[in-house]
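Chemist: Residue strings, one per chain:
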Amino acid sequence: MIVPQVIKRKYASGFKAEVALRPGFNENFFGIMVDFGSADPQAVAGSAHFLEHKLFTKKSGDLAHDFETLGADCNAFTSSNETMFYCQGSTHTPKLIELLFKLVGEPYFTTENVKHEVPIIQQELAMYQDDPQWWVNDALKRQLYGNSLLGLDVAGTQASISQITAAQLAQVYASQYVAGHLNFIAAGDFSKNQVQTIFRQVTKLAERYFKAGRPLLRPEQPAGHLRHQTLTNRGSNYFGLAVRLPHFTPFQGSRDLAQTLLEFMLDAEFGQMSAWYQQQQSQQLLNSSLQLTMEYARQGNCLLLTGVSQQPDEVLAAIKAQLARPLASVLSPAQFELQKKASFAHTVRSYNDLSLWAIELAEAALDGDDPYDLATKLDALSFSEYQAACEQLMQAAKIGSAALGGSD
Amino acid sequence: MLNRTIKITPNDKFSTAAVGCFLRLPLTRHNLAYANLLTRSQLNMTLDYPTVSQQQRELAQQYDLNFDAGIQLFGKQLIISYTLDLVEPSMVLDPAYTYESVIAVFSNLVQHPYFDQHVIDLTKRQLAEEVTELMTEPENVAYQQFFDHWYQAMPDYADNLPAALAELENATPASFSKFGESLQTVPTVILGQARDAQQMQAICEKSFHQVGLSQPFASPEVTIPAESAYQTQVEVKHYLQSQLLLGYGYHGKMPLMAQVVGLVLADYLAGDQSSRLFVQIREQLGAAYEIDASCYANNSLLLIAAGLDQKQVPAAKTLIQEEVTRVQLGKIDLVLLRKVKRGLLDLHVASADQQSWLLLQALRGELLPGYRKFDCLQAIRQVTPAKLKAFALNLFLNESYLLK
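Protein sequences appear in the order of chains A and B.
Under this note's numbering, think of the first position of the first sequence as 1, with each following residue one higher.
Under this note's numbering, think of the first position of the second sequence as 409, with each following residue one higher.
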């Protein structure tokens, strides 16, 4: 496989930076990923996400306008254990990098501007909650992790959003936005000289804005009550099943590799090529395939299977029965080889989407993973090692489920 | 040999190659219904791969070929679109994986649909399920209702999938097959990008034989005029957010330069975070998380949409209308206009980093007369406050739709 070049630096302060080269691309991507998200310790649910919104506000106004003046686009997102700030533009590289560091490194929280943001975030949450699927996903997360931070929406709740104050944001910012939690990434078509210039500038800006250190996050492992829930009918036939994985651990030193193997397993069990799916389709219990994902976070790990059916209870029972079967009767060496091909193709395709590629690289760097090392390990893995790994990772798995369809 | 439109251009940039086969037919409810049935069925199974599992296995064998089939609407024209995204064989160095092996699969998928009753039944169930799920989301409901009202006098153009599905109620293998066979003669083009463009071109020429490839693909008649018939609609379904859609019609056809002005105006009103309505409705009023404006050039429509706090709907609606009026009066924020133009120029340059966008541009170049030679970057630079004002003066508020 032809692998694009990625140049990495690590600073004494704990700050990390990398430049990923993608020759021929017009646009450049710059991002800072913070190793802190909605499920990490914070006094009020939704603080990490609120912080992500509020860092755009500076004393001079909305910093997004400064990016736009340069013809660049900027945005941010929050996940369970990460917050990412990024911008994309084809010119003004030094100015964009400077603005990005200012965005992440210069907080300006006031009582007034925090109060002003509350209804905007409440509208964001309302927008998600108007989607019936949100309620199933929410129920599954709460079953898995209770009312802990990982069990709640990234944005928090309508009530918690209104409890957030400037002082709380400042406290969270001071404790978590430190050099050891931050990873800078640039991706694009840069010359050797430009790479050096970027690193020089990043070194100065990291020193200016971020104090050294890496606070140790000691995550709790919250647990909810796994069961079946029938939720209020919202006109949708969406359902979901969650599997808690208490024995999920890195495989050959990589959580990404463990995640990939479990997703292979799910695909073998329930994907479009599986005997199970063909049977569900022939019985008209499922018309379209399930969404199959494995999610890991510091606070807990799970498999999620979601789909649409007019008879969700029957499908959920069939999923549970399938999961109870020994893996040896489900997995096959031929399919494993096909899945390796698909994974290889995914890696090759990822080079074409500059922003997604850069975000994947930044996530991997925070996890201590290397996507190309992962591809090599996967290629070398035998079928028996794969099967043994899945059996190990699935040990003591517990299941919960939820479907829409109850009365109002 | 007749002159057939198959154009593969060199790919020096991407790790994947892309090939698209596009068929043009008039947009009618019947065509919309059957084109959806056909393309969706081909995503399931085809004559050479008669089960879902067989088809998926074949795609997986070819390094997870990314095959897509669907429809695109360009005003009065419906485009059946088959696209293939493949890992460049030079990235793999597997002797069994070549352009020939990939195009053999692609041409089978495209040219040999499976006109069988059980395929029809499965696909109809999938489409119905998709519509049901889409219509549980208020934003989708609002857009569907908006366009139904907008095109109540011309329902063929409403892109109404639920209504189109009614057309399929009595679909049979015979009616399905008749539709499929009729596509042999409709104007068709094959476009793509590959590292070895010459080789890919030769393989596509050997593999695709539709008569339609020799038909002229460009369509002089794309624009659907906006008929002036102001209406205001309110529906109550008790969602958490209200969906407000304001539709401004555009008098007459929108030439390519005017389309660019429309694009600039849409971004000026509700594009980035500096845009007029984003600042006023989200940042100042705190009434919304998202607000959007789009210029549907082929539909002669400028559409402004927002998901709003119920209590703030009247204020937000007033702000939107006032802002359009300000542009009509020539009261234009010049700093913002410069910013918007700069952003669009950058976006245009950045879009060339997306293979799917390049394929779409190639399709537009074949479909829309004059498009290939049109310099979009130059046109963006040439947008002035006067042009923005003239465009806005040609708009008329034609529909207000509110879903609560």
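Keep in mind that the hints were calculated from the coordinates and are not lab data.
Just so it is clear, CB atoms sit at the ideal spot from N, CA and C, and this is done for glycine as well.
Check each hint, because a few of them may be wrong.
As the list claims (entries may be wrong) - Simulated pairs of lysine-lysine, DSSO-like, Cα-Cα distance not exceeding 30 Å:
id : chain 1 : residue 1 : chain 2 : residue 2
1  : A       : 58        : B       : 795
2  : B       : 725       : B       : 645
3  : B       : 812       : A       : 115
4  : A       : 320       : A       : 340
5  : B       : 749       : A       : 59
6  : B       : 532       : A       : 115
7  : B       : 795       : B       : 749
8  : B       : 532       : A       : 320
To be verified - Have a look at the derived ranges for each label pair, beta carbon to beta carbon:
id : chain 1 : residue 1 : chain 2 : residue 2 : range
9  : B       : 498       : A       : 332       : 24 to 34 Å
10 : A       : 250       : B       : 624       : 23 to 33 Å
11 : B       : 798       : A       : 12        : 58 to 68 Å
Chemist: All the hints need checking, so say for each whether the structure fits it.
Modeler: Now for the hints, and whether the structure bears them out:
no.	hint	verdict
1	A:58 <-> B:795	violated, 34 Å
2	B:725 <-> B:645	holds, 19 Å
3	B:812 <-> A:115	holds, 26 Å
4	A:320 <-> A:340	holds, 26 Å
5	B:749 <-> A:59	holds, 26 Å
6	B:532 <-> A:115	violated, 49 Å
7	B:795 <-> B:749	holds, 13 Å
8	B:532 <-> A:320	holds, 28 Å
9	B:498 <-> A:332: 24 to 34 Å	holds, 30 Å
10	A:250 <-> B:624: 23 to 33 Å	violated, 59 Å
11	B:798 <-> A:12: 58 to 68 Å	holds, 60 Å
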